[in-house]
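Counting in full-length UniProt numbering, the sequence shown tops out at residue 352, every number present.
You may find that some hints are simply not true.
[To be verified] The calculated DSSO-like cross-link candidates involving lysine-lysine, where the alpha carbons are at most 27 angstroms apart (straight line), are:
1) K22 with K218
2) K152 with K294
3) K280 with K294
4) K218 with K152
5) K22 with K280
Just so you know, the hints here were simulated from the structure itself, not pulled from any lab data.
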Amino acid sequence: MPAVSVSDITILPRVQELPGSKARTVRSITTAPQGFEGEGFPVRRAFAGIDLADLDPFIHLDEMGEVEYAPGEPKGTPWHPHRGFETVTYIIDGIFDHQDNNGGGGTISDGDTQWMTAGAGILHIETPPEHLVMSGGLFHGFQLWVNLPAAKKWSPPAYQDVRAKDVALLTSTDGGSLLRVIAGEVAGHFGPGSTQTPITLLHASIAPGAELRLPWRKDYNALVYTMSGFGFVGDEQRPVQAGQLAVFGDGDSIVVRAANQQEARSPELELFILGGAPIKEPVAWMGPFVMNTKREVLQAFEDFQKGLLGSIPAIYKEDAKPKAPLNRSGEGSKLGGDVLDVHGAPTDMQEG
Numbered sequence: 001m002p003a004v005s006v007s008d009i010t011i012l013p014r015v016q017e018l019p020g021s022k023a024r025t026v027r028s029i030t031t032a033p034q035g036f037e038g039e040g041f042p043v044r045r046a047f048a049g050i051d052l053a054d055l056d057p058f059i060h061l062d063e064m065g066e067v068e069y070a071p072g073e074p075k076g077t078p079w080h081p082h083r084g085f086e087t088v089t090y091i092i093d094g095i096f097d098h099q100d101n102n103g104g105g106g107t108i109s110d111g112d113t114q115w116m117t118a119g120a121g122i123l124h125i126e127t128p129p130e131h132l133v134m135s136g137g138l139f140h141g142f143q144l145w146v147n148l149p150a151a152k153k154w155s156p157p158a159y160q161d162v163r164a165k166d167v168a169l170l171t172s173t174d175g176g177s178l179l180r181v182i183a184g185e186v187a188g189h190f191g192p193g194s195t196q197t198p199i200t201l202l203h204a205s206i207a208p209g210a211e212l213r214l215p216w217r218k219d220y221n222a223l224v225y226t227m228s229g230f231g232f233v234g235d236e237q238r239p240v241q242a243g244q245l246a247v248f249g250d251g252d253s254i255v256v257r258a259a260n261q262q263e264a265r266s267p268e269l270e271l272f273i274l275g276g277a278p279i280k281e282p283v284a285w286m287g288p289f290v291m292n293t294k295r296e297v298l299q300a301f302e303d304f305q306k307g308l309l310g311s312i313p314a315i316y317k318e319d320a321k322p323k324a325p326l327n328r329s330g331e332g333s334k335l336g337g338d339v340l341d342v343h344g345a346p347t348d349m350q351e352g
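Generate the whole structure from the sequences, applying the supplied hints.
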């Protein structure tokens with residue numbers, strides 16, 4: 001798990017818990033079910049079973065892999081649409097190519113993040129490069145969906161690369177944690193990601209027996225997903241392990257401690273920590289579209305079918321033949337898949 005590492009963690013700025021701060025209690029711990037995405041790569045559905053009100057402003061989180069591909073096995077996604085939110089793809093191990101019909105795209109690898117604002121609508125594709133398909137290799141990453149408020153759902157599509165070398169690196173008071181701040185603010189230090197919705201996103205590695213007491217904005221929610229290892233969350237020391245998501249309650253700090261003994265494959269407790277300011281608007285979600293009303297979602301499907309979300313660039317059209325109906329993440333080219341999810345926030349949603 002290379003992502004971003006440093007040879008001497010003691011030289012990094014130290015994050016201090018503020019005097020008199022209130023540690024957040026743990027509201028729930030859930031285990032992510034496993035499934036498949038795109039053309040068949042394995043994922044864990046980190047947010048499965050969690051109410052959207054507790055996730056707000058986030059919608060969806062997949063842990064992609066960790067998987068060791070044999071030659072010819074690496075898989076990606078075909079061309080598919082999105083509207084109304086942002087996708088954040090963080091690669092820990094491996095390589096992913098991304099292209100969209102708005103001119104955005106590039107290659108991301110160990111520790112890089114690709115941030116795509118779908119806004120009013122976009123088509124894109126995510127695939128392993130040809131040389132990785134030929135050779136095989138390790139692949140591990142995350143894709144996060146961040147909601148946009150109604151006022152920004154119709155903003156122009158945008159794309160940004162967040163390179164591993166640019167993330168803010170911090171350590172804990174005891175020097176036992178490495179924090180990689182991808183976006184947002186931690187104790188006065190800012191990650192390079194530019195966000196439409198106020199959030200903080202970081203990858204933390206905690207040495208065996210070390211404790212992280214992380215200052216956290218009171219107006220943000222707080223979620224901690226365990227990638228690998230064993231640990232304890234909250235001052236109540238509730239145990240967590242790989243594939244589990246902890247949802248925290250109110251307060252202004254997050255407390256996590258790594259168990260003294262860790263897995264042989266991962267010597268430290270590896271965490272994906274995130275939170276943001278709740279949007280508190282109705283959410284209507286089906287497949288690749290996240291809007292405020294059912295009418296807006298159905299309109300998005302119609303617009304996609306009519307080609308109003310744009311067209312696939314000519315150089316990619318040979319590889320863009322439909323392979324499956326649209327599913328939760330939007331792959332394929334036909335209306336189908338899941339029942340429309342409708343959530344009112346803070347009250348029952350009004351029809352559009």
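Hints versus structure:
Between the alpha carbons of K22 and K218 the distance comes to roughly 10 angstroms, so the proposed pair stays at or under 27 angstroms and holds. The suggested pairing of K152 with K294 holds, with an alpha-carbon distance near 18 angstroms, which does not exceed 27 angstroms. Distance hint between K280 and K294 is fulfilled; the C-alpha atoms sit about 17 angstroms from each other, no more than 27 angstroms. Using a Cα cut-off of 27 angstroms, the hinted pair K218 and K152 holds, with the two alpha carbons roughly 24 angstroms apart.
This hinted pair checks out: K22 and K280 have alpha carbons roughly 24 angstroms apart, not beyond 27 angstroms.
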